[in-house]
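Using the hints, position chains E, R and X against chain P.
There are 4 protein chains.
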Amino acid sequence: MNNRNETAVLLISCHDQKGLVATVSDFIYRHDGNIIHADQHTDQEQSIFLQRAEWQLDGFGVPRDGIAEAFRPIAERFAMDWDLRFTDHVPRVAIFVSRLEHCLYDLLGRYRAGDLRAEIPLVISNHEDLRPLAENFDIAYYHYPLTSETKAEQEPRILAKLAEERIDLVVLARYMQIVGPEFVGCYPNRIINIHHSFLPAFAGARPYHLAYERGVKIIGATAHYVTEELDQGPIIEQDVARVSHRDSVDDLVRKGKDLEKIVLARAVGLHLRHRVLVYKNKTVVFE
Amino acid sequence: MNNRNETAVLLISCHDQKGLVATVSDFIYRHDGNIIHADQHTDQEQSIFLQRAEWQLDGFGVPRDGIAEAFRPIAERFAMDWDLRFTDHVPRVAIFVSRLEHCLYDLLGRYRAGDLRAEIPLVISNHEDLRPLAENFDIAYYHYPLTSETKAEQEPRILAKLAEERIDLVVLARYMQIVGPEFVGCYPNRIINIHHSFLPAFAGARPYHLAYERGVKIIGATAHYVTEELDQGPIIEQDVARVSHRDSVDDLVRKGKDLEKIVLARAVGLHLRHRVLVYKNKTVVFE
Amino acid sequence: MNNRNETAVLLISCHDQKGLVATVSDFIYRHDGNIIHADQHTDQEQSIFLQRAEWQLDGFGVPRDGIAEAFRPIAERFAMDWDLRFTDHVPRVAIFVSRLEHCLYDLLGRYRAGDLRAEIPLVISNHEDLRPLAENFDIAYYHYPLTSETKAEQEPRILAKLAEERIDLVVLARYMQIVGPEFVGCYPNRIINIHHSFLPAFAGARPYHLAYERGVKIIGATAHYVTEELDQGPIIEQDVARVSHRDSVDDLVRKGKDLEKIVLARAVGLHLRHRVLVYKNKTVVFE
Amino acid sequence: MNNRNETAVLLISCHDQKGLVATVSDFIYRHDGNIIHADQHTDQEQSIFLQRAEWQLDGFGVPRDGIAEAFRPIAERFAMDWDLRFTDHVPRVAIFVSRLEHCLYDLLGRYRAGDLRAEIPLVISNHEDLRPLAENFDIAYYHYPLTSETKAEQEPRILAKLAEERIDLVVLARYMQIVGPEFVGCYPNRIINIHHSFLPAFAGARPYHLAYERGVKIIGATAHYVTEELDQGPIIEQDVARVSHRDSVDDLVRKGKDLEKIVLARAVGLHLRHRVLVYKNKTVVFE
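Protein chains in written order, with the working numbering: chain P, 624 to 910; chain E, 624 to 910; chain R, 624 to 910; chain X, 624 to 910.
The reader is advised that the hints may include incorrect statements.
No copy is singled out in the list; a pair is fine if it fits within one copy or between any two copies.
Calculated cross-link-like contacts (lysine-lysine; reagent style BS3-like; alpha-carbon spacing at most 30 Å) [unchecked claim]:
no. : residue 1 : residue 2
1   : 903       : 878
2   : 641       : 784
3   : 784       : 774
4   : 641       : 903
5   : 905       : 878
Calculated directly from the structure, the hints in this document are not laboratory data.
The following block holds chain P by itself, in its conformation from the complex:
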């Protein structure tokens, strides 16, 4: 296998202790690893240490499949939560949509241009509307109609399809359904949603209408991991745009679309490049 440009990424969190940076960097150095990115953060209030380290597989003294084994004693010594990822594994992504196309269209454009390091084998929707768009990109489109009655039986089918397709990441690209707790439990910190407001303002439905009624001067969009509580998961990325009294609800929706697609794409890109670490319902984004 030619892994010349491939790297290993360690994401670590644990109780803050002396020697963490020294021990992890020594582990990589001792095996001739060439570090191309290392960043750490200590949450002083909680005494939590968080680190990301990335080094080249090429020339590393431990074979790819032995790295986890070699690192385990260190992890155990410091009681680390840790995650080892390899960039030669390309994550498989499922995109969920309803009727609005701008986020799906934007993600597929990046995919097409090679800007997303991922495979996108399928799009899932509760409507038929966006099938032509997905098929235009030769991506399978699965329609699971959802009503309050059918939801309980449809979700297991969706989960089975995701399992069959070995999906690593679920992206809710303006999917207007709430995913159930069982679903969330299957993909912890692996479901990214775009919410069309500056959370925690205007959580829930119809945020642009609420923003209009409140007369805010700035609107926003928020990408977050989905947890059991609606719109309460760890925030990955947010951005805002200035508006004025001249903007009708339709104008807010139009301006918001550009925010939504950019913020969602940034969050997905950060996740796919293994830049996001979750702790205490927050994210550390190692940019």
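For chains E, R and X alone, coordinates are given in the frame of chain P:
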């Protein structure tokens, strides 16, 4: 009186009807007025017409004191809410503070530099701390200690002082007390507060702590007119700043201070230049 | 013809004089026009008056084809430069591209979603690369290879094609060729270019490389009308994004792409909604 | 000496080599240092490694005065450029001004509030205007009139005064004079200037006038270290604000003042917290 550079400003709101722009501009034109700013906005959803017109007093065919009388028939014909202001009247402003000085310090700096068209005859506080700062600028400082017991008797004293000083505008520059309904009633749309969050997110107390706990990626500040409902009044101006996981609560407070002082100063400046019109708990800002 | 929601738009510039607002609004009012947007601006330094007025055709007392004739005496009296447009005329747009697809892809997505009020009958390029993308949208794609030798003979062919297709607006969506003075002369203030820097910084070639070398902390993108002088035309819209020392040139290019597509789309949208007025190599954007 | 909260800061740059992170962190760990911040960056293009490490002096196994000696062998082995700083040394800052007061006023406000970790023993100016402001803060004010004839003889006097006051950092807070090469040579990367434009746009004089004439939609401010070439030094911080055709030159100046004071204060704060590392005429800002 030399009013060469002085102007009259009309702020109008009424039900949308044909002929409004034509009639108002004709009124000014007919009397040889030189319009230096005119802007209007129609809220299509509510069918409300809102207008700001500003013209030079110099050369205008109606004397200053007769303008209201001359305009009244038009106002009545269209059932307008209207407000006529003159820039040769310099508004008198009272600044309320508690212990934090950055907003007061910033406003007084602008005042000193001649950037605020206002008189600031007094600063009012529930603490003694900022007396030296006010006195440094030769501004009277009044200390009204407030506890839950004394509040009911102190507020009338404060109102009496404001009346005695003929105050036009009250600025709550990080004043950590809630002003009562009677107070608000005395100064409708004439009390500006700075709230240290991006409203409606984190209304109420300790917004930076809440923002830190929620893990937002952007913080904000909001200047609004005070109404009876806490932090629910019409928003005049907002701004935001990017933060990251590296920012502690103290960092948010530090970064937030710069937002607060800039946003408050912008809102006060817009109000003093008669650029803000309130309707339906929102503002139209004619910039 | 059902023109229930269609409007007329007047864009006016002239020497500042008394009575301009009154006369124009009276013209609309006298003929029972319902104004839905009116905005004006006076450049005090140059004594130039600039106005945009938009009213509903439905119910207007002058038939569509007679409006210009009816307005002409007013225009002549005040020596106005003026432009009368109707929203029932859908502008025809040609998009020029080279090899980079993100701007074209984004514009076509908005077109597909009905967010651009325009017809896009053709895409023109000096390369074959983006033909599949255009054809995916059933848009004709014309390839005009350009070398320094062939340019002189190719440009007239391109102009002939544009004339044949009755093109109203040319959008240079990362078209990496300089259009000649004759071309510019055919489409005054009707060629919009996106430049991948915050002009006037980094005009000309390779702006991201220059930004990287200079170590700027913020990058930008600029949409402007094309004039004979390279990157010197009237600016319609700009936006920026924060960068850091961690960003390589490739990162700047990646982040810049999102800026470019959003800024270009905003500028094209403003032009198509008749919101932009050019004077003295600047724009007034009536938002 | 009680140095409980005091820290040591290492700023390192050198050719990128394996083992750098491991060796530096091992040095701190071996002596029982508690790292509270560590960040590194590799400029891949230039193969330059840059690092900042900060650890508590309290409990560190090497006494404060021996740390440099203890670290020297590591520095020599990797041929590092390095800088060791201690937070118990409070830098001494001289502020230079001309006639505009907003930046000085803002810096002194932060100083007064304890937000700047510095001593400010003197203000230097080529005018008398701001003497009352400095004296209000009990800060010595030195007036050095400068004309093209006197400049050559005045600058050595200024330098002598700075030496006498053991100044560590010079802040040019809208000082409208160019400091000479000898001056710059005395304070390499220790003179911070605020330029009132988004560099490299509008370098040199009258940037707001030029921005107005060019019709830009966004203005900016840039804080940078001063080098021999005017406005060409390493950029520390920049920020921008949106403007429109409605803004006159005076409006740009007014809006720009807020940018200038915030951007300058941020840059000075970053420098004083030892967060800025200069290489190749750029900065790495370890935030």
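Hints versus structure:
With identical chains, the CA atoms of residue 903 and residue 878 are at most 30 Å apart between copies only, with a shortest distance of 23 Å across copies and 32 Å within one. Proximity of residue 641 and residue 784 under a CA criterion of 30 Å is satisfied in neither setting, with 46 Å inside one chain copy and 45 Å between copies. In the homo-oligomer, the alpha carbons of residue 784 and residue 774 lie at most 30 Å apart inside one protomer (15 Å), although the nearest pairing across protomers, at 55 Å, exceeds that limit. Taking the shortest Cα distances, residue 641 and residue 903 sit within 30 Å of each other inside one copy (22 Å), while across copies they are farther apart (34 Å).
With identical chains, the CA atoms of residue 905 and residue 878 are at most 30 Å apart both within one copy (27 Å) and between copies (20 Å).
When the structure is compared with the earlier hints, a violation turns up for hint 2 alone.
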